[in-house]
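Generate the whole structure from the sequences, applying the supplied hints.
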Amino acid sequence: MPTETQTIAGLARALRAREITSAAVTEESLAQIAGKNSSLNAFIAVFGEEARAQAQQADKEIAAGRYRGPLHGVPISIKDLLDVRGTTTTAGSRVRTGHVAESDAPAIANLREAGAVFVGKCNLHEFAFGTTNEDSAFGPARHPLDASRSPGGSSGGSAISVATGMAFASIGTDTGGSIRIPAAACGVVGLKPGYDEVSTAGVVPLSRTMDHVGPLCRTAGDAALLYDVLRGIAPQEPPPRREVRGVRLGIPRDYFMAILDPQVASSFEGACDRLRSAGAAIEDVRIPHANDIAPVYLHIVLAEAAAYHATALESRADDYTPNVRLRLEMGRYILAEDYARALRGRDILKREVSAALEGCDALFLPALPIPAPKLGVATVKVGATEEPVRNITLRLTQLFNLSGHPAIALPCGHTLEGLPIGGQLVGATGKTRDLLELAHSLEPYLAPGISR
Amino acid sequence: MTIKSWLDNAVQDAERRGLPNLKPLLETLARATSALRTADWNDDATGESESGKRTDAH
Chain A
1 MPTETQTIAG LARALRAREI TSAAVTEESL AQIAGKNSSL NAFIAVFGEE
51 ARAQAQQADK EIAAGRYRGP LHGVPISIKD LLDVRGTTTT AGSRVRTGHV
101 AESDAPAIAN LREAGAVFVG KCNLHEFAFG TTNEDSAFGP ARHPLDASRS
151 PGGSSGGSAI SVATGMAFAS IGTDTGGSIR IPAAACGVVG LKPGYDEVST
201 AGVVPLSRTM DHVGPLCRTA GDAALLYDVL RGIAPQEPPP RREVRGVRLG
251 IPRDYFMAIL DPQVASSFEG ACDRLRSAGA AIEDVRIPHA NDIAPVYLHI
301 VLAEAAAYHA TALESRADDY TPNVRLRLEM GRYILAEDYA RALRGRDILK
351 REVSAALEGC DALFLPALPI PAPKLGVATV KVGATEEPVR NITLRLTQLF
401 NLSGHPAIAL PCGHTLEGLP IGGQLVGATG KTRDLLELAH SLEPYLAPGI
451 SR
Chain B
453 MTIKSWLDNA VQDAERRGLP NLKPLLETLA RATSALRTAD WNDDATGESE
503 SGKRTDAH
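Chains as they are written, first to last, in my numbering: chain A, 1 to 452; chain B, 453 to 510.
FYI, nobody ran anything at the bench for these hints, they're computed from the structure. Just so you know, even glycine gets a beta-carbon here, dropped at the ideal spot from N, CA and C. Errors might be hidden in some of the hints.
[Unchecked claim] Distance ranges between label pairs, derived from CB positions: (1) B:Asn494 to A:Arg390: 23 to 29 Å; (2) A:Arg390 to B:Asn461: 23 to 29 Å; (3) A:Ile233 to B:Asn494: 37 to 43 Å.
[Said to hold, decoys possible] Straight-line C-alpha distance at most 20 Å; calculated EDC-like pairs for lysine to aspartate or glutamate: (4) A:Lys60 to A:Glu102; (5) B:Lys475 to A:Asp318; (6) A:Lys350 to B:Asp465; (7) B:Lys475 to B:Asp465; (8) A:Lys431 to A:Asp196; (9) A:Lys350 to B:Asp460; (10) B:Lys456 to A:Asp318; (11) B:Lys475 to A:Glu314.
The following block contains the structure:
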C-alpha cells in the first residue's frame with residue numbers, strides 16, 4: 001500500500017491491529033526520501049538509523065500491548081527550526097553551524113512521548129523569514145509537481161514531505177502563513193492553532209508575538225490528532241462528520257478577494273457553490289481595516305525579528321543569505337513609535353476578526369491567492385496587476401497571525417495545469433477543536449473526489 | 453520624526469555601513485510606515501482623531 005494514500009488515522013488502526021509494522025512503514029518513508037530528496041531538496045537531515053530504531057521500539061511496545069495512541073510508530077518529519085535533542089537545529093542558515101540541541105522542544109517531546117518516529121529535519125526559508133523556500137543555506141526546496149516552482153514557505157520541505165509520502169505528517173511553524181502557504185501550494189492540510197496553544201519553546205523565533213507551531217498532514221482529522229499530541233493531550237478519536245446543513249460561513253470578501261488568480265477565484269467559488277448546495281449558509285462579512293493589515297504586520301515582524309538577530313547581524317552577517325540579511329537589516333531601522341502604532345493596529349484588527357466571526361461558525365477564504373509561484377521571480381502577474389511574490393503570498397494568511405485566531409488550510413481543487421489550490425477556514429479564539437471538527441466535515445466539499 | 457527625515461537618515465546610515473542595497477527596501481518600508489501613520493485608528497494627543505475610539509466600540 002503506497003504511503004501517499006494513507007492517513008495517520010488509517011495507519012494507526014493497521015499498526016494497532018498489527019496488520020502492518022512501523023518498521024515497514026518507516027522503511028517506505030525512508031525509501032521515498034532516498035528516491036526523491038535529491039531532486040526536491042525537502043530534507044536537511046535524514047535520521048535513518050534513529051528512525052529505524054524508534055520504529056522497532058514502537059513495534060515491540062505495540063506487540064507487548066503497550067500501545068501509546070494514534071501516533072505510535074508513525075513516521076513524522078520536523079521543520080529544521082525546532083529542537084530535536086542531539087541534533088543540529090540549522091534554521092536553514094550557516095549562522096547556526098555547530099548548534100546542537102540539548103533537549104527536545106516541548107512540542108517535539110510530546111510527539112516523542114506519543115511514540116512518533118522522526119524521519120528527519122526539513123528544509124525551510126532561512127530563519128523562516130520568507131514564503132518561497134528559495135533563500136536557504138541548503139539550497140531551494142522544489143515543488144513536487146513542477147521543479148521550476150516553489151513549494152511555498154517557509155515550511156516548504158515539510159509540505160513536500162507530506163505531499164510525496166516521505167512522511168505522514170510534518171511539524172512546521174507559521175508566523176505569517178508559513179504552514180498554510182506551503183500546505184496550499186502543495187495540496188496538503190496545514191493547521192495554525194490559536195496563539196500560544198502549542199509551546200514555541202525550543203523553536204528558533206522569528207516574531208515572538210506571532211510565531212505558532214502546528215502540523216502539516218493529509219486530512220483535517222489527522223490535524224486534530226496532531227493538535228492534541230503537540231499540546232501534550234491524549235488525542236481524541238476524530239468526530240463523526242456533522243451535517244453541512246446549517247453551517248454558517250462568513251466570507252471576508254472586499255480586500256481578500258480583490259487580488260486573486262482567476263483559477264483560484266473559480267475554485268473557491270466552486271467550493272462555495274457546493275457548500276451552499278449542501279445547505280451551508282454563506283454570507284459576506286467585513287474586516288473594516290483590512291487595508292491596514294500589511295503595514296501593521298510588517299512593522300511588528302521586522303522589529304521583532306531584528307531584535308533577535310541584531311547580535312548575529314553584527315558578528316556573522318556574511319553567514320546569512322543576502323536577501324534574508326537585507327530584510328533583517330531593514331527591521332533595525334523601525335522606530336519605537338511605529339512599532340507601538342502597529343501594536344495598536346493589531347488590537348483593532350483582532351477585534352474586527354472576532355466581530356466578523358460573530359454569528360458564523362468560521363470565516364472561509366482562499367489560503368493563497370496564486371498557485372505555487374516560479375522560483376527566482378520577484379513578482380507575479382495576478383489578473384491585471386503585477387504583485388511582489390512576498391506580498392501576494394502573505395496577503396490572505398498574515399491577518400490571523402496578528403489576531404491569533406486558529407486557521408487551517410485545506411485542499412480546494414487544482415488549476416488546469418494540475419497545481420493545487422488551497423482554501424482556508426478561520427475559527428474563533430479558543431475554539432480550535434471546533435474549527436478542526438468543522439474542517440473535517442467540510443473538506444469533502446472543498447476538494448471533491450479526494451478520498452479521506 | 454517625519455518619514456522623509458527618517459528615510460534620509462536611514463539611507464545615509466545604510467550606505468555608511470556598506471549596505472547600499474538596503475535603499476529600495478527602506479523606501480518600501482517608508483511607504484508602509486506612511487500608511488501605518490495615516491490609518492484612522494491612530495491616537496492624536498490634540499484629541500482631533502476620534503475614529504480610533506469609535507473603532508474600539510466594536
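Verification of the supplied hints:
1. B:Asn494 to A:Arg390: 23 to 29 Å: 26 Å, holds
2. A:Arg390 to B:Asn461: 23 to 29 Å: 25 Å, holds
3. A:Ile233 to B:Asn494: 37 to 43 Å: Holds - the Cβ-Cβ distance for Ile233 (chain A) and Asn494 (chain B), about 41 Å, lies within 37 to 43 Å.
4. A:Lys60 to A:Glu102: 27 Å, violated
5. B:Lys475 to A:Asp318: 19 Å, holds
6. A:Lys350 to B:Asp465: Violated, at about 35 Å.
7. B:Lys475 to B:Asp465: 10 Å, holds
8. A:Lys431 to A:Asp196: Between Lys431 (chain A) and Asp196 (chain A) the Cα gap is close to 13 Å, so the pair holds against 20 Å.
9. A:Lys350 to B:Asp460: Distance ~34 Å between Lys350 (chain A) and Asp460 (chain B) Cα, so the pair is violated.
10. B:Lys456 to A:Asp318: Violated, because 30 Å separates the two Cα atoms, which is more than 20 Å.
11. B:Lys475 to A:Glu314: 19 Å, holds
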